[in-house]
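These protein sequence lines map, in sequence, to chains A and B.
If you count by this note's numbering, then the first sequence holds residues 752 to 992, one letter each, in order.
If you count by this note's numbering, then the second sequence holds residues 92 to 715, one letter each, in order.
Please note that a few of the clues may not be correct.
As the list claims (entries may be wrong) - Beta-carbon label-pair distances, calculated as ranges: (1) A:Ile966 - B:Ala685: 36 to 42 Å; (2) A:Thr792 - B:Arg122: 30 to 36 Å; (3) A:His875 - B:Asp267: 33 to 39 Å; (4) A:Gly961 - B:Ala685: 56 to 62 Å; (5) B:Trp208 - A:Thr932: 54 to 60 Å; (6) A:Asp874 - B:Arg282: 38 to 44 Å; (7) A:Pro878 - B:Ser669: 42 to 48 Å; (8) B:Glu447 - A:Lys958: 56 to 62 Å; (9) B:Asp339 - A:Thr792: 39 to 45 Å; (10) B:Ala340 - A:Pro764: 54 to 60 Å; (11) B:Tyr499 - A:Ala818: 30 to 36 Å.
Note that these hints are calculated values from the structure, not bench results.
Every residue gets a Cβ at the ideal spot worked out from N, C-alpha and C, and that includes glycine.
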Amino acid sequence: MNNSFLLDGEDVPFIPGQTVMQAAAAAGKYIPHLCWHPDFTAHGSCKLCTVKIGGRFATACTTRAAAGQEVDNRTEELTAKRRTLLQLLFVEGNHFCPSCEKSGNCVLQATAYEMGMLSPHFDHFYPDRAVDASHPDVLLDFNRCIMCELCVRASREVDGKDVFALSGRGAKSHLIVNSETGRLADTDFAVTDRAAEVCPVGVILKKRVGFAVPIGQRDYDEKPISEKAVGKVADGVKEAG
Amino acid sequence: MVIKSMHDSLRIPGSQEDSVAAAKIATILDRHARDGTRLVQILREVQDAEGWLSPATLSAIAEGIGWPRAQVESTANFYSFFHTRPLGEYRILFSDNITDRMLGNQDLMRSLCQKLWLEPGHMSEDGLVSVDATSCTGMCDQGPALLANYRTITRLTPERIDEMAHLIRRRVPVGDWPSDWFHVEDNIRRRDALLDHGLAPGEALAAALDRGPAGLLGEIERSALRGRGGAGFGSDIKWRSCRDAWGDAHYVICNADEGEPGTFKDRVLLSSYFDMVVDGMCIAGFAIGASKGFIYLRGEYRYLLDRLETRLAQRREAGLLGRNILGRGFSFDIEIHLGAGAYICGEESALIESLEGKPGKPRIRPPFPVTHGYLAQPTTVNNVETLALAALIAVKGGEWFRGIGTAYSTGTKLLSVSGDVARPGIYEFPFGVTVAEVLEAAGAPDTQAVTTAGAAGSCLSADEFGRHIAFEDVPTGGSIMVFDRSRDMFEVARNFAHFFAHESCGFCTPCRVGTAVNARLLDKLANDHGSPYDLDEMEKMHRLMQGASHCGLGNTATIALRDMLAKFRPAFDRRLHSPDYEPGFDLDAALSQARQMTGRDDPGAHLTDNLSAHAGETPSEAQP
């Protein structure tokens with residue numbers, strides 16, 4: 752049998768050992784995701800990449816591709832589930848897109864547009880999360896954290912620093928930094944760290960560059976994420992492979 | 092934060108107090124060989140010594156075990172029984188299962204708070220005591236129950252609460268409180284094959300060694316034994332896969348994190364049938380080729396810890412554990428790890444994470460623990476009851492066991508029966524028994540509903556009591572909670588929803604936020620703001636969480652709720668304020684803080700809608 756599977760009826764080749772997500776990305780197919788990134792270990796927590804494989808729900812980022820698999824991705828049922836997941840993320844944190852400097856470059860926002868999310872739907876939780884402006888070069892605005900742990904993985908796997916960790920449990924989960932004071936300034940974090948680049952939302956923000964690119968000319972202002980992300984990711988996966 | 096800085100300011104850095112604390116921490120770290128995988132045990136012992144886990148303490152521990160500080164903090168903040176802020180010399184936690192509520196725990200908790208002049212969840216002004224609620228402590232047959240500095244107290248009464256308040260105010264150590272308060276009954280009401288085993292300690296183990304690993308696995312296969320934790324996975328398949336998996340070492344884990352609300356059978360097995368459990372663990376070790384086992388004991392059962400350690404030591408001396416067991420060349424030893432208040436650690440991969448010193452978050456599966464478990468080595472995780480049954484099978488054989496129960500569910504099942512029954516306690520029945528027979532045995536003539544797998548399973552109504560307890564009909568881990576016709580099933584649903592919101596590990600979006608949304612929706616109904624729309628929202632959460640969640644917790648968290656919505660709809664409909672949409676936000680209630688601050692409650696202090704309702708009421712009557 753060929754090393755390929757069917758994604759929404761289209762043939763997608765894979766290299767043995769690849770996940771459904773890796774193979775799809777390499778083939779230029781978009782499976783919505785927030786916590787997955789081609790450069791880091793899969794996490795499987797945001798559940799945006801939930802697909803249906805042989806009639807069963809599974810996360811594309813943690814499921815190995817197998818020959819002959821039939822994978823549903825952009826179906827009405829899955830889009831509805833993903834929209835609900837996005838809405839849950841929006842009400843869990845404090846996401847005020849119009850005043851957020853990440854607007855237009857934000858993966859959460861762009862994915863919400865892609866999934867046709869028109870409102871947060873649920874009652875907001877309005878959590879009380881303090882901002883950490885202690886670091887000279889980087890601001891942490893925890894209000895927008897979606898617990899994807901990309902910064903945790905980047906700091907651990909690439910920077911070798913373990914600057915970030917997720918703490919607490921359940922709805923009280925929150926991002927912490929590696930210092931007794933709880934301040935980023937008291938860690939060995941540097942603006943040149945990979946972890947400074949990787950936040951898909953607006954938690955880790957470099958100071959003094961916020962609006963250098965005007966709104967309207969940003970990543971997802973140009974193209975929807977399904978076209979934009981796939982190009983980027985496909986390049987990354989090809990290079991990595 | 093204010094409390095913390097106040098506390099810190101009392102300490103002079105480099106003071107004698109600090110160096111004593113540092114020495115204590117160093118002793119504890121050394122006892123655990125500064126091994127990070129023992130972090131949950133280290134945190135508990137340090138907290139016992141220090142009262143709480145201060146930022147400086149966490150730094151010292153992180154340095155001691157060579158872990159990033161953030162990871163130590165992450166573990167410390169995951170478990171309910173660890174506190175990173177001071178909560179007083181006395182920490183009182185009321186068990187808040189629905190069965191405790193039905194026995195009046197809320198009034199008792201309010202009363203204790205009043206007597207001690209404090210609010211639930213907050214430390215008293217003098218730093219002496221804090222009172223809060225905690226998830227089911229496994230004493231549903233003798234509730235209401237609480238934990239006083241993590242020691243179990245059962246059968247609470249208003250008199251006991253009065254006396255407790257006095258004892259706390261007089262600073263009497265918990266160890267000197269009346270000893271009968273700490274008494275835990277077994278309450279065994281019906282015995283069958285397991286509870287009437289009649290075997291001597293080590294007898295089952297000797298029989299297993301006689302059979303040899305292959306013969307033993309053959310008997311387990313013939314018995315068709317399935318895991319008693321609830322999922323019912325074939326024990327022989329689990330053991331064989333583990334045995335066949337390559338690894339430097341193999342491990343046996345006894346899952347004694349009995350956290351499902353309403354279950355307490357493992358408590359009884361550990362208390363009074365511990366030798367059968369240990370025999371079962373040794374047998375499992377013999378079958379899979381392991382020489383080390385862990386008992387992961389839930390933090391709520393801490394009162395059992397010393398007793399169990401003592402018994403393990405006695406068995407070592409008797410040649411029933413440790414090196415060269417029974418002189419037969421087989422070596423196997425057991426270590427007990429204590430949990431720290433996290434229901435999710437009953438999930439096997441979360442349990443293993445916890446054993447490794449991390450927050451109890453379920454791993455991505457596959458790989459499964461049988462190939463990549465504890466320290467990434469082949470590991471079998473079995474329920475307490477499953478291990479005890481394996482010991483029984485080692486002696487009596489698979490055919491004999493298979494003769495009990497049904498074709499797909501062989502053997503007996505221990506049921507923890509609580510709630511509205513005359514005789515709450517442990518009932519051992521062969522699989523296939525009907526719910527009605529269980530109710531009859533326990534004395535429950537006027538039953539409205541039965542939850543058959545704690546908060547995480549089905550809720551049956553009276554017309555279903557003819558159904559059979561078996562994996563193929565009504566599967567159960569053993570928690571049977573009974574609700575008579577006087578009970579409000581809405582409050583049952585609400586209690587469960589809050590339980591799951593509290594216990595969700597927070598790893599995946601649908602469970603972390605979905606359980607919180609459900610709890611809020613039920614509170615909205617309870618606060619008289621419900622509409623049919625909210626009930627539809629709960630259905631929607633059910634459809635999302637089932638399938639999209641990362642583990643069994645999220646996948647089962649809405650089953651009972653959905654059952655109750657379908658079968659006890661009037662209990663929910665009664666709560667609906669409006670047939671149309673009703674917002675959760677209440678403008679008038681939003682003014683309540685202003686009213687409280689100004690001491691006003693006249694009609695002018697309310698919005699117009701409520702004017703007529705409040706007209707003529709005196710301020711005190713209008714208080715909510």
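Hints and how they fare:
no. : hint                            : result
1   : A:Ile966 - B:Ala685: 36 to 42 Å : holds (39 Å)
2   : A:Thr792 - B:Arg122: 30 to 36 Å : holds (34 Å)
3   : A:His875 - B:Asp267: 33 to 39 Å : violated (49 Å)
4   : A:Gly961 - B:Ala685: 56 to 62 Å : violated (38 Å)
5   : B:Trp208 - A:Thr932: 54 to 60 Å : violated (33 Å)
6   : A:Asp874 - B:Arg282: 38 to 44 Å : violated (51 Å)
7   : A:Pro878 - B:Ser669: 42 to 48 Å : violated (28 Å)
8   : B:Glu447 - A:Lys958: 56 to 62 Å : violated (38 Å)
9   : B:Asp339 - A:Thr792: 39 to 45 Å : violated (23 Å)
10  : B:Ala340 - A:Pro764: 54 to 60 Å : violated (40 Å)
11  : B:Tyr499 - A:Ala818: 30 to 36 Å : holds (34 Å)
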